[in-house]
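Trainee: Per numbering that gives the first Met the number 0, the very first residue in the sequence shown carries number 0; after that it's consecutive.
Hints are not guaranteed to be accurate.
[What the hints assert, rightly or not] Quick list of the computed label-pair ranges, beta carbon to beta carbon:
#1 10 to 44: 48 to 58 Å
#2 10 to 37: 41 to 51 Å
#3 6 to 44: 57 to 67 Å
#4 56 to 29: 41 to 51 Å
#5 44 to 7: 37 to 47 Å
#6 14 to 36: 29 to 39 Å
#7 36 to 56: 56 to 66 Å
#8 21 to 55: 50 to 60 Å
#9 5 to 38: 47 to 57 Å
In case anyone wonders, no lab produced these hints; they're calculated from the structure.
Glycine is no exception: its CB is placed at the ideal position from the N, C-alpha and C atoms.
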Amino acid sequence: MTKIVPEDKARQGHWGWHALRILIAGLLLAFIAWGAVEIYGELIKSPTSGEQHIPRPSGTEQGTAPGQSTAKP
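Build the full structure now, drawing on both the sequences and the hints.
Mentor: Written out as structure tokens, the structure is:
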């Protein structure tokens, strides 16, 4: 024999404060992880030393523009 259950008693459950707290905690953890990855990405992108290497075109001397000669007339 089947048991008849009223509609208000047959529900699985309701969304309450416990579920809301879990969702907010998950969102905060996702933001923390995102921030950590952003910071780590900036750290590995920047050079490790204070000097930056700027390559110069070969064949030019310091202080002259490309195409100018250093010979004096």
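Trainee: Does each hint hold? Answer for all of them.
Mentor: Going down the list of hints, with the structure as the test:
With their beta carbons about 52 Å apart, residue 10 and residue 44 fall inside the hinted range of 48 to 58 Å. One distance hint, 41 to 51 Å for the beta-carbon pair residue 10 and residue 37, holds here, with the actual separation near 42 Å. Range check, residue 6 to residue 44: about 58 Å between beta-carbon atoms, so the 57 to 67 Å window is met. Take residue 56 and residue 29: their Cβ atoms lie about 47 Å apart, and the range 41 to 51 Å holds.
The hinted range of 37 to 47 Å is not satisfied by residue 44 and residue 7, whose Cβ atoms lie roughly 58 Å apart. In this structure the supplied range 29 to 39 Å holds for residue 14 paired with residue 36, their Cβ-Cβ distance being about 31 Å. Checked against the hint of 56 to 66 Å, the pair residue 36 and residue 56 fails, with Cβ atoms roughly 38 Å apart. Between residue 21 and residue 55 the beta carbons are some 58 Å apart, a value that agrees with the proposed interval 50 to 60 Å.
Between residue 5 and residue 38 the Cβ separation comes to about 55 Å, which falls inside the hinted range of 47 to 57 Å.
Hints 5, 7 from the list above are not met by this structure, while the remaining hints are.
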